[in-house]
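Colleague: Listed here are the chains, written in short residue letters.
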Amino acid sequence: MNPCAEMQKSETHQPTVERVRSGQVYRPLVDIIERKDELLVIADVPGATPDSIEVNFERGELTLCAVVLPREREGQRALLAEYGVGDFCRTFSVSEEIDAAKITASYVNGVLTLRLPKKDSAKPRKIAVKPA
Amino acid sequence: MLTHRLNPFVPFPAMRRELDRVFESVFGGGAGNGPAPAYPALNVWEDGQAFTIEAEIPGVELSDIEVQVAGADVTIKGTRRPTAEGETTMLREERPAGTFSRALTFPVEIVGDRVEATMKHGVLTIRLPKSPEATARKIQIKSN
Chain A
1 MNPCAEMQKS ETHQPTVERV RSGQVYRPLV DIIERKDELL VIADVPGATP DSIEVNFERG
61 ELTLCAVVLP REREGQRALL AEYGVGDFCR TFSVSEEIDA AKITASYVNG VLTLRLPKKD
121 SAKPRKIAVK PA
Chain B
133 MLTHRLNPFV PFPAMRRELD RVFESVFGGG AGNGPAPAYP ALNVWEDGQA FTIEAEIPGV
193 ELSDIEVQVA GADVTIKGTR RPTAEGETTM LREERPAGTF SRALTFPVEI VGDRVEATMK
253 HGVLTIRLPK SPEATARKIQ IKSN
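Top line first, the protein sequences correspond to chains A and B. Quick note: the first sequence uses the numbering used here, first residue 1, plus one each step. Quick note: the second sequence uses the numbering used here, first residue 133, plus one each step.
Some hints here could point you the wrong way.
Subject to a maximum C-alpha distance of 35 Å in a straight line, what follows is the list of computed DSBU-like cross-link-like pairs (lysine-lysine) [what the hints assert, rightly or not]:
| hint | chain 1 | residue 1 | chain 2 | residue 2 |
| --- | --- | --- | --- | --- |
| 1 | A | Lys126 | A | Lys102 |
| 2 | B | Lys252 | A | Lys36 |
| 3 | A | Lys36 | A | Lys130 |
| 4 | A | Lys130 | A | Lys119 |
| 5 | A | Lys36 | A | Lys119 |
| 6 | B | Lys252 | A | Lys102 |
| 7 | A | Lys118 | A | Lys130 |
| 8 | A | Lys118 | B | Lys252 |
| 9 | A | Lys123 | A | Lys102 |
For each label pair, taking beta carbons as the anchor points, the in silico distance ranges come out as [claimed, not checked]:
| hint | chain 1 | residue 1 | chain 2 | residue 2 | range |
| --- | --- | --- | --- | --- | --- |
| 10 | B | Thr211 | A | Leu80 | 19 to 27 Å |
| 11 | B | Ala235 | A | Arg125 | 49 to 57 Å |
| 12 | A | Thr104 | B | Thr267 | 47 to 55 Å |
| 13 | A | Asp37 | B | Thr231 | 30 to 38 Å |
| 14 | B | Pro169 | A | Arg71 | 16 to 24 Å |
| 15 | A | Ile127 | B | Thr207 | 36 to 44 Å |
Calculated from the structure, these hints are not laboratory results. Heads up, the beta-carbon is just placed ideally off N, CA and C, and yes, glycines get one too.
This is chain A alone, in the form it adopts within the complex:
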């Protein structure tokens, strides 16, 4: 099993913060890396700010949401519109045992990086075999 599978019902997931404005919600693109002692979730959330990002980990569910305000272009006429701007939200189900208290998040250049340290019990360990 993929220890970080996407929630099947992510569309119905509502962030804990009540939405007070309408608008498009996008699924951020992610890379997920598994290391010996941690899972690394790297998400593209361009246009967000550190305080507009909300990360929750509860009962094995990781949710990341970011509020992105529309970038006003007053007095300008659109010539080309290849992408839309809006909030980001995505939920993953993490089957690996995670030490929730030690999850850290950083946001640099529009990229959110989450480190999810595995619990000691979930880390691979080498068992030394002693001679009899």
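Dock chain B against chain A, hints included.
Modeller: Frame of chain A, contents of chain B only:
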């Protein structure tokens, strides 16, 4: 070397989906959906004095982006490095990486030495002033 961890026990359709997803992430489009969309996607605006190009390129520094202006032609080039270099187990790999290039031709010439580019939270904004000849064409007529 990046290897996708595929569960050998997943039934074929699930594995097929996984493979499709891998190809989607590498080529930026689903199989059979035609050519991959150009990267980065661009939004462009115009006002009386300038054009403004905006693109979402998270993870890339402004110094890694090159904007070339020749007359009315504008080219944006850059490289997005994979964050996962040297990692062995990628469970998901959706974020595009590699070199990219977009070219646009505007209806009027651009003043190349007055082009301004900024990068904030992964959003690139380039302001391209129109040549004075182009802006002077619009003559205001005042009534007495």
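Colleague: Each of the hints needs a verdict: does it hold here or not?
Modeller: Verification of the hints:
no.: 1; hint: Lys126/A / Lys102/A; verdict: holds, 23 Å
no.: 2; hint: Lys252/B / Lys36/A; verdict: holds, 34 Å
no.: 3; hint: Lys36/A / Lys130/A; verdict: holds, 24 Å
no.: 4; hint: Lys130/A / Lys119/A; verdict: holds, 26 Å
no.: 5; hint: Lys36/A / Lys119/A; verdict: holds, 11 Å
no.: 6; hint: Lys252/B / Lys102/A; verdict: holds, 29 Å
no.: 7; hint: Lys118/A / Lys130/A; verdict: holds, 27 Å
no.: 8; hint: Lys118/A / Lys252/B; verdict: holds, 33 Å
no.: 9; hint: Lys123/A / Lys102/A; verdict: holds, 15 Å
no.: 10; hint: Thr211/B / Leu80/A: 19 to 27 Å; verdict: holds, 23 Å
no.: 11; hint: Ala235/B / Arg125/A: 49 to 57 Å; verdict: holds, 54 Å
no.: 12; hint: Thr104/A / Thr267/B: 47 to 55 Å; verdict: holds, 50 Å
no.: 13; hint: Asp37/A / Thr231/B: 30 to 38 Å; verdict: holds, 33 Å
no.: 14; hint: Pro169/B / Arg71/A: 16 to 24 Å; verdict: holds, 21 Å
no.: 15; hint: Ile127/A / Thr207/B: 36 to 44 Å; verdict: violated, 58 Å
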